[in-house]
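K.L.:
Input sequences plus hints: build the corresponding full structure.
Listed in order, the protein sequences are those of chains A and B.
Numbering follows my numbering, in which position 398 of the first sequence is assigned residue number 398; successive positions increment by one, without gaps.
Numbering follows my numbering, in which position 82 of the second sequence is assigned residue number 82; successive positions increment by one, without gaps.
Calculated from the structure, these hints are not laboratory results.
One should not assume that every hint holds.
Said to hold, decoys possible - Label pairs and their computed distance ranges (CB to CB): (1) D194(A) / E11(B): 40 to 48 Å; (2) Q171(A) / A80(B): 26 to 34 Å; (3) I142(B) / A300(A): 22 to 30 Å; (4) R120(B) / M162(A): 53 to 61 Å; (5) R203(B) / N191(A): 26 to 34 Å; (6) A80(B) / L276(A): 56 to 64 Å; (7) D48(A) / D161(B): 37 to 45 Å; (8) G57(A) / A187(B): 37 to 45 Å; (9) R351(A) / I142(B): 53 to 61 Å.
Unchecked claim - In silico DSSO-like links for lysine-lysine, alpha-carbon gap of 30 Å or less: (10) K46(A) / K162(B); (11) K46(A) / K114(A); (12) K87(B) / K39(B); (13) K202(B) / K87(B); (14) K40(A) / K202(B); (15) K115(A) / K40(A); (16) K40(A) / K162(B); (17) K13(B) / K39(B); (18) K39(B) / K254(B); (19) K114(A) / K40(A); (20) K202(B) / K254(B); (21) K13(B) / K115(A); (22) K87(B) / K13(B); (23) K162(B) / K114(A).
To be verified - Computed footprint of chain A on chain B, listed as stretches where at least three residues anywhere in the stretch have a Cβ under 8 Å from a Cβ of chain A: (24) 72-80; (25) 114-122; (26) 150-162; (27) 233-242.
Where a beta carbon is used, it is the ideal one built from N, C-alpha and C, also for glycine.
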Amino acid sequence: MTMPIPNSYRRGPDDHGHFGQFGGRFVAETLMPLILDLEKAYAAAKADPAYQREMDGYLAHYVGRPSPLYFAERLTEYLGGAKIYFKREELNHTGSHKVNNVLGQIMLARRMGKKRIIAETGAGQHGVATATLCARFGLDCVVYMGAVDVARQAPNVFRMEMLGARVVPVQSGTRTLKDAMNEALRDWVTNVADTFYCIGTVAGPHPYPMMVRDFQSVIGAETRIQLEEVEGRLPDSLVACIGGGSNAIGLFHPFLDDPSVEIFGVEAAGHGLANLHAASLAGGRPGVLHGNRTYLLMDADGQIQDAHSISAGLDYPGIGPEHAWLRDAGRVTYLSATDEEALAAFQLLSRLEGIIPALEPAHAIAKVLELAPKRPKDHLMVVNISGRGDKDIPQVADILRSRA
Amino acid sequence: MTTRIDARFAELKRQNRAAFVTFVMCGDPDLDTSLEILKALPGAGADVIEIGMPFTDPMADGPAIQAAGLRALKAGTTLAKTLGVVKRFRATDDVTPVVLMGYYNPIYVYGVDRFLVDARAAGVDGLIIVDLPPEEDDELCIPALNAGLNFIRLATPTTDDKRLPAVLANTSGFVYYVSITGITGSAAADSAAVGGAVARIKRHTGLPVCVGFGIRTPEAAAAIAGHADGVVVGSALVDALRASLDPQDHATAKTVTAVADLAAALAAGVRAGRGR
Chain A
1 MTMPIPNSYR RGPDDHGHFG QFGGRFVAET LMPLILDLEK AYAAAKADPA YQREMDGYLA
61 HYVGRPSPLY FAERLTEYLG GAKIYFKREE LNHTGSHKVN NVLGQIMLAR RMGKKRIIAE
121 TGAGQHGVAT ATLCARFGLD CVVYMGAVDV ARQAPNVFRM EMLGARVVPV QSGTRTLKDA
181 MNEALRDWVT NVADTFYCIG TVAGPHPYPM MVRDFQSVIG AETRIQLEEV EGRLPDSLVA
241 CIGGGSNAIG LFHPFLDDPS VEIFGVEAAG HGLANLHAAS LAGGRPGVLH GNRTYLLMDA
301 DGQIQDAHSI SAGLDYPGIG PEHAWLRDAG RVTYLSATDE EALAAFQLLS RLEGIIPALE
361 PAHAIAKVLE LAPKRPKDHL MVVNISGRGD KDIPQVADIL RSRA
Chain B
1 MTTRIDARFA ELKRQNRAAF VTFVMCGDPD LDTSLEILKA LPGAGADVIE IGMPFTDPMA
61 DGPAIQAAGL RALKAGTTLA KTLGVVKRFR ATDDVTPVVL MGYYNPIYVY GVDRFLVDAR
121 AAGVDGLIIV DLPPEEDDEL CIPALNAGLN FIRLATPTTD DKRLPAVLAN TSGFVYYVSI
181 TGITGSAAAD SAAVGGAVAR IKRHTGLPVC VGFGIRTPEA AAAIAGHADG VVVGSALVDA
241 LRASLDPQDH ATAKTVTAVA DLAAALAAGV RAGRGR
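P.N.:
What follows is the structure in structure tokens.
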């Protein structure tokens, strides 16, 4: 079946939360009225200039936006091809792009009168951002985190607890991000009256994929203005890593209707696509999980399979439904990088640019190492450095020491 | 068209008693034992049997049913094998209604049309799919109704009067009222509040209303049976099954009777419920 080429890639989703065949609202009846309430509350907030003004104030003075667009001169020289710019999301307060979304959702929760915030987290970046804003606004905060991730992202667990959040290690299933999301949904079903579920990525039931994308689109919107200022034109290509896909859609969305801009998303190929990995577009099929239809890693019976990535933030067997749609529509090219490639890029970037990236954007850098040399020197490539690597230092040190 | 579910509830109405609805997970702890449990349930007093289709990520289930699903998957249970168990059960019992309960993804991956044909051929009467609200009726609900299967919807304490008509619109067989906001096997249901909720639903539909979640004992079953057309028990039966397993989670000589004995005690509770 051929998909009709839409005249805009930026209009989705439809009223029922569908991006083509993807998205939707596959949730238990208990949650359905809450999701409909949330959709209404978000539409009202979006139409209220006071909401945007308030958010802009916090983005500027609390988060520290706009984040810089930085010319990565040494990496550019080293690769000898495209001129590479970094969108420095790792310089945001809390150390990643996650705070852009959390701020939007917490302001919304406040408007809705919710006093208790729950979140799931993989690498802990979303959990830290949520704990931070809950501290700032005096809200109760419970963060669900797979027990495996609690062990490998210890610094972020301490940070969340320092900020007053309760971190619940999830022992069910594979004890990673997908199980944390199951547990958060179970909490929400139980505590419907006072609880707001702050989802960390562009997944889950409608309106989350749309709402989180809107909050993250500040990344691409700023990039557009900043690159215009320094280069006087649009970028030629964009590169971002993808777990659920929120930092990527945030950078991509404002450029989707500019056909001259090539767009690359980078999934986590773990031990390689023939082995355990987390690349749901490269190795998955359409299915339904966590409230939406999207590409999933699963077996022939529709049972969800374990994902694997060195990066806890990418270790998820699904992907946001809008990415699934953009892939099938052919607008975005999705690549993948292995654990080893990401680890090498992590070290290279630290030494060449004095920027220690998180393991997540190290996957994007790994593909820049392949893409940039093949492109001319006047090609402008923007890479989203979605988070900083402080949280990964103990894990990477263990791996490198074990090889020394 | 009348299904086994419709016929069973009509008969129970004539007898003026509430239905005892049992839930067990297919393939827990293995397919053969699970078939033996199913065969024992009608004799123990089960009026309707819900059979769980195991799924790796059961987001509305508590620890007991999560663990049951994982045991079943470990034992090699698939959707095709679950339908096989129903078929073998039907060879011995052609009257007890069988409802498959679970999550959408395994059915979606199996293929909706093929699933409906195979489920009907196996002798399935109805479906309860936790993650398909009325907003997604085109996915499976409408095709299932067209294929002659009941599509049983969950109504919850958050389903208000404004929303109830939408929830009930394409529901058939019975309505499953989830007595608490929460996951399976957690808090206990308050029978007075349940009575009010059932009455509220009955103002919108002529369908039988069964109540589940949080009912664990014959006494609790009796209290709910006084207010509802049926009482659903799942986690308590699954817990009884688990307690009978050996340390490797394999069935023992006590497994089938452990479930059947508790079912019989609960059935007696349900039957006593209307007599008080």
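K.L.:
Check, residue by residue, whether the region 114-122 of chain B contains three or more positions whose beta-carbon lies closer than 8 Å to a beta-carbon of chain A, and give the verdict.
P.N.:
Check failed, 0 qualifying residues.
K.L.:
Closer than 8 Å, Cβ to Cβ, for at least three residues: run that test on the region 233-242 of chain B against chain A and report holds or violated.
P.N.:
violated (count 0)
K.L.:
Would you check the hint for K202(B) and K87(B), treating anything up to 30 Å between C-alpha atoms as holding?
P.N.:
34 Å, violated
K.L.:
Please work out if K87(B) and K13(B) have their alpha carbons no farther apart than 30 Å.
P.N.:
28 Å, holds
K.L.:
Go ahead and decide if the range 40 to 48 Å is satisfied by the Cβ distance of D194(A) to E11(B).
P.N.:
With Cβ atoms ~44 Å apart, the hint holds.
K.L.:
Within a Cα-Cα threshold of 30 Å, do K39(B) and K254(B) meet the stated pairing?
P.N.:
With Cα atoms ~15 Å apart, K39(B) and K254(B) stay inside 30 Å; holds.
K.L.:
Determine whether the Cβ-Cβ distance between R351(A) and I142(B) falls within the hinted range of 53 to 61 Å.
P.N.:
60 Å, holds
K.L.:
Is it true that the CA of K40(A) sits at most 30 Å from the CA of K162(B)?
P.N.:
Judged against 30 Å, a Cα distance of about 16 Å means the pair holds.
K.L.:
Check the following: the C-beta atoms of Q171(A) and A80(B) are separated by a distance inside 26 to 34 Å.
P.N.:
At roughly 30 Å between Cβ atoms, A80(B) and Q171(A) fall inside 26 to 34 Å, so the hint holds.
K.L.:
Are the Cα atoms of K162(B) and K114(A) separated by 30 Å or less?
P.N.:
22 Å, holds
K.L.:
Range first: 37 to 45 Å. Now tell me if the beta carbons of G57(A) and A187(B) are that far apart.
P.N.:
42 Å, holds
K.L.:
Does the region 72-80 of chain B contain three or more residues whose Cβ lies closer than 8 Å to a Cβ of chain A?
P.N.:
n = 4 at 8 Å, threshold three: holds.
In terms of the numbered hints stated before, the structure departs from hints 6, 7, 13, 20, 21, 25 and 27, listed from lowest to highest.
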